[in-house]
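Trainee: Spelled out from the first residue to the last, the chains are:
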Amino acid sequence: MKKVLIIDDEKRIRDFVKRMIDSFNLDVEVFTDGENVETGIESINRIQPDIVFLDIQMPDGTGFDLLNRVKDKKFELIFITAFQEYAIMAIKFSALDYILKPIDDEELKTALQNAIDTVDFKKEDSQFEALTHNLQTNQKRKLVLKTQESVHVVDLSEIIRCEADKNYTFFYLNNGKKILVSRTLKDFETLLSSHGFFRVQQSHLINLEYIERYDKHEGGSVIMRDGSAVPLSPAKKDQFFSMLEKL
Amino acid sequence: MVCLLLFKQSFAQEAELIRFCEENRFNPTEFSQKLTGKKANTPTMRILKVYEKSLNGNYKGFIHDASMLHSIKNQSINNAFILHLKQLEECEYSLLNGEFYAAKKGLEQAVSFARKKHENQWVSQAYRLYSKVYLYENKKDSADLFINRAIEFAKRSTNELELALCLHQSALNHAQFSNIQEAVTQELLALQVVEKLNNTYYECIFNRFIAELSLDAGNLREAENYLRKSQLKSRRISSKRLKLENDILRARIEIRKGYPNEVLAFLPSSVKGLEQLKDYISLGEAWMVLGETYNASGQVNKSLEAFNTSLTYFEQSRQPEKMASVYHQIGLVHLSKKDLQNAEKNILKAIVIRNNIKERNRIYESYFALSNVYAAQGQKQKAFDYLKRHTDFLRRNSFSIDSKKIEDLTQTNSREERERLIETQEEKLQKELKEKEILQLQSDRQLLGISIVIAIFFLSAVSVFFIVRQRNTLQEQRESEMSQTLLRSQMNPHFIFNALAVIQSYIYENTPEKTSKFLVNFSRLIRLILENSPKEFITIDIEKEILSKYLTTQKLRFEDRFNFNIEIDEELIFRRALIPPMITQPFIENSIEHGQLHTIEHGIIEITMKERFGMLEIVITDNGVGRSKAEKIKKKKSHKSMALEITRERIEIMNKKYKGKGSLTIEDLDVKQKTGTRVIICLPMIYENTKFGSYEKSTDN
Numbered sequence: 000m001k002k003v004l005i006i007d008d009e010k011r012i013r014d015f016v017k018r019m020i021d022s023f024n025l026d027v028e029v030f031t032d033g034e035n036v037e038t039g040i041e042s043i044n045r046i047q048p049d050i051v052f053l054d055i056q057m058p059d060g061t062g063f064d065l066l067n068r069v070k071d072k073k074f075e076l077i078f079i080t081a082f083q084e085y086a087i088m089a090i091k092f093s094a095l096d097y098i099l100k101p102i103d104d105e106e107l108k109t110a111l112q113n114a115i116d117t118v119d120f121k122k123e124d125s126q127f128e129a130l131t132h133n134l135q136t137n138q139k140r141k142l143v144l145k146t147q148e149s150v151h152v153v154d155l156s157e158i159i160r161c162e163a164d165k166n167y168t169f170f171y172l173n174n175g176k177k178i179l180v181s182r183t184l185k186d187f188e189t190l191l192s193s194h195g196f197f198r199v200q201q202s203h204l205i206n207l208e209y210i211e212r213y214d215k216h217e218g219g220s221v222i223m224r225d226g227s228a229v230p231l232s233p234a235k236k237d238q239f240f241s242m243l244e245k246l
Numbered sequence: 000m001v002c003l004l005l006f007k008q009s010f011a012q013e014a015e016l017i018r019f020c021e022e023n024r025f026n027p028t029e030f031s032q033k034l035t036g037k038k039a040n041t042p043t044m045r046i047l048k049v050y051e052k053s054l055n056g057n058y059k060g061f062i063h064d065a066s067m068l069h070s071i072k073n074q075s076i077n078n079a080f081i082l083h084l085k086q087l088e089e090c091e092y093s094l095l096n097g098e099f100y101a102a103k104k105g106l107e108q109a110v111s112f113a114r115k116k117h118e119n120q121w122v123s124q125a126y127r128l129y130s131k132v133y134l135y136e137n138k139k140d141s142a143d144l145f146i147n148r149a150i151e152f153a154k155r156s157t158n159e160l161e162l163a164l165c166l167h168q169s170a171l172n173h174a175q176f177s178n179i180q181e182a183v184t185q186e187l188l189a190l191q192v193v194e195k196l197n198n199t200y201y202e203c204i205f206n207r208f209i210a211e212l213s214l215d216a217g218n219l220r221e222a223e224n225y226l227r228k229s230q231l232k233s234r235r236i237s238s239k240r241l242k243l244e245n246d247i248l249r250a251r252i253e254i255r256k257g258y259p260n261e262v263l264a265f266l267p268s269s270v271k272g273l274e275q276l277k278d279y280i281s282l283g284e285a286w287m288v289l290g291e292t293y294n295a296s297g298q299v300n301k302s303l304e305a306f307n308t309s310l311t312y313f314e315q316s317r318q319p320e321k322m323a324s325v326y327h328q329i330g331l332v333h334l335s336k337k338d339l340q341n342a343e344k345n346i347l348k349a350i351v352i353r354n355n356i357k358e359r360n361r362i363y364e365s366y367f368a369l370s371n372v373y374a375a376q377g378q379k380q381k382a383f384d385y386l387k388r389h390t391d392f393l394r395r396n397s398f399s400i401d402s403k404k405i406e407d408l409t410q411t412n413s414r415e416e417r418e419r420l421i422e423t424q425e426e427k428l429q430k431e432l433k434e435k436e437i438l439q440l441q442s443d444r445q446l447l448g449i450s451i452v453i454a455i456f457f458l459s460a461v462s463v464f465f466i467v468r469q470r471n472t473l474q475e476q477r478e479s480e481m482s483q484t485l486l487r488s489q490m491n492p493h494f495i496f497n498a499l500a501v502i503q504s505y506i507y508e509n510t511p512e513k514t515s516k517f518l519v520n521f522s523r524l525i526r527l528i529l530e531n532s533p534k535e536f537i538t539i540d541i542e543k544e545i546l547s548k549y550l551t552t553q554k555l556r557f558e559d560r561f562n563f564n565i566e567i568d569e570e571l572i573f574r575r576a577l578i579p580p581m582i583t584q585p586f587i588e589n590s591i592e593h594g595q596l597h598t599i600e601h602g603i604i605e606i607t608m609k610e611r612f613g614m615l616e617i618v619i620t621d622n623g624v625g626r627s628k629a630e631k632i633k634k635k636k637s638h639k640s641m642a643l644e645i646t647r648e649r650i651e652i653m654n655k656k657y658k659g660k661g662s663l664t665i666e667d668l669d670v671k672q673k674t675g676t677r678v679i680i681c682l683p684m685i686y687e688n689t690k691f692g693s694y695e696k697s698t699d700n
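Sequences listed follow chains Z and F, in order.
All letters in the first sequence, in the order written, are residues 0 to 246 by numbering that gives the first Met the number 0.
All letters in the second sequence, in the order written, are residues 0 to 700 by numbering that gives the first Met the number 0.
For the record, the hints were derived by calculation from the structure and aren't laboratory data.
Computed from a predicted structure; not experimentally measured.
Just so you know, even glycine gets a beta-carbon here, dropped at the ideal spot from N, CA and C.
Computed, partial: chain F to chain Z, Cβ under 7 Å:
no., residue
1, 492
2, 493
3, 497
4, 499
5, 504
6, 595
In silico BS3-like cross-links for lysine-lysine, where the CA-CA straight-line distance does not exceed 30 Å:
no., chain 1, residue 1, chain 2, residue 2
7, Z, 10, F, 548
8, F, 554, Z, 17
9, Z, 17, F, 516
10, F, 543, Z, 10
11, F, 548, Z, 17
12, F, 543, F, 115
13, F, 271, F, 38
Each pair of labels, with its calculated beta carbon distance range:
no., chain 1, residue 1, chain 2, residue 2, range
14, Z, 146, F, 669, 51 to 59 Å
15, F, 562, Z, 72, 35 to 43 Å
16, F, 643, Z, 67, 23 to 31 Å
17, F, 669, Z, 72, 35 to 43 Å
18, F, 470, Z, 175, 56 to 64 Å
19, Z, 193, F, 671, 46 to 54 Å
20, F, 677, Z, 47, 37 to 45 Å
21, F, 679, Z, 156, 45 to 53 Å
22, F, 605, Z, 246, 53 to 61 Å
23, F, 666, Z, 125, 38 to 46 Å
Please work from the sequences and hints to get the whole structure.
Mentor: Structure, rendered in structure tokens:
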């Protein structure tokens, strides 16, 4: 049986999330003892939960403040938030999970199920460090890539390009590494398009900084600095060149 | 079945009549047309009929019907407006019977009834009648006070006609207390309102009253001018009553101009018409004017007869001032035919009445007339005494009143004349310019060419300068307005979604009453915010509503773990002080969420607004954990202080725009313990006079 702890400043919401989770009939025990940063830390230390639902906005600080003060983070983390745009972007970059208030029971169930499935894997602090980093800056963000085996934290400037493979995405890094992540290219496009990345074709997202040249042959393709050639969709041509001009 | 149908039909008719009473296009003529042929077989119908009689000056009918009002049981009336109307008409009845105390008692109830129903228009109507009662009692200050209250409520109501009627009543008050200038000013405002509403009936009435006031002040031209306007309007709605009343005024003007025979050609038939309408005040007036006319054309006996008829009408409609006028006239008639005894008797009657009602204007005419009577009788001492009173009055008032009247009433004329003068001057100037041009043409073409080039260059430079400057100021204005909109406090979306989550939790608890209560409160709040946040200013009562809804939502969210108290000086609400929307909201949010009011015992937040040293002072106090602790907890709080900055900037902008010294101060409530927080916001005091002010400006000139 997994232990789930809900930390939120509204008792009403804690009780209600518990009620919702209980209705899923999963093998979990739900605790609702945290109502702010102080009591939240105390409950984590006492209960040693496997999964923590954490509200971001609390009276005596944020959920991030709480995380910074918990030394041994041996739990799966799911943020609960009503509205916090800047934080949500940072959470996404850090490949952490979150649910929005009001809460969709399907979303809650999926998030909880995912957390239960990964509870037994080894936890690494690097993901939380990336989150702290991403919360502080909007410019040079770090992207967390979670694979079956491990958690990679990469600078955006290390990524040359991404390639879709059905519901998976391959990352090609400038050190020659290739990482496979089980998230769609679409997800990464929304994250990265405002950070100098461009989707040149259905299954290709490239970092504009790594373009070497444009090759007109065979309908046109983009040659990257690692020598790889990426096809350019005719529909994206105009947009692509205007992007290049801005560089 | 048929019975039910009839019942339904009559019910619909009643509903339509009631609706009509509260519309901007309401007028007594149409109202009585709608009522004719309808049976007074229900309480509602009976009350409406009484109302109709009072509106149309049918005093005999009114007194007869109104005396039965008390027999209608309140329980039998199912419409609040009718109940309100019944109260008013009962008071009107008391008033006409001279029972002022009863009238005021009744009105007190009417006001509290209307206030309970939150009907500003009704409150205004009750206060307006209050003012009328005080007018009958000759209590100037009280009459002024109550009409001003009525105006305040009328402005708050959606019915603009009510505002016009209040302004009209205010003009009547001023006229009675001989402040012709104010009377004209108020009546012009009233006129503007009904002109905007296109309410021809009242346009007619108000134009006529201005004509009457002009006539009193001796400005025949203006009187004729406004009478013409009134006649035009009365023709447009073909109201017999309005036409006949206009006839009376026309007669008065003709007499003043010295054409009694003209008057005799139309007035007798007008009087017949009025008799059909049973409007006693108008009848009294008509007979009085007829008396004057007969006197002017040398038919003394007919004149006295007419005056006596006039007296009976005025007596029945309780118009002591008018009665005094008639006695005065009768005295003059007797004086002219050397019946000194009767002259003395009647003029003394006029003086007694005018003394009783504390009339302070026309009474001196009577003194003068009486002095003449005594002089003719050879009683020199008495003649001298009254003459002295008369001259004393003249010395005291001639300068102030006459100059005021003249200034006020000829103001429009002089304006026209000024305009005409400017026009002729312009023509002259242009002529001179042309002559110069011709001269120059003749003298030196080259020089002309050069000077034209220079002139054009200079002009274009100047105009470019001005255009650029104007554009800059426009730009600045726009920018400041824009930043104002951007700065305008928006409800934190975080709060909105949290509230929605609370609704969701209620649903899960399966407590429909709580859910519904919360949902309604929250949706009202959102509606208020959507409606009001784009505005630059809102009235304090709306702000109060927003804050109380907001705090109620927060309170429900945190399960009543804190209390709040909003205290706003009634005077501010009453005078419709303005405030930028939700300027206090960030601080309240701060108190609740960071002062941790919901985590401590007996958490309370208090908001007070009052006037202090001519500024609007808003104080927000909480007994939360205090700033230093809240600050310590989160060192890098950049976005909360943004609300602080935004508020400071909003106050700055307001200061610039209204040249005020607004400020924002934040301090600890308990200085030693460093707990609790007090936020003091001072803003320039602004009242919602803009709408009304524009009327005033246009007439003040």
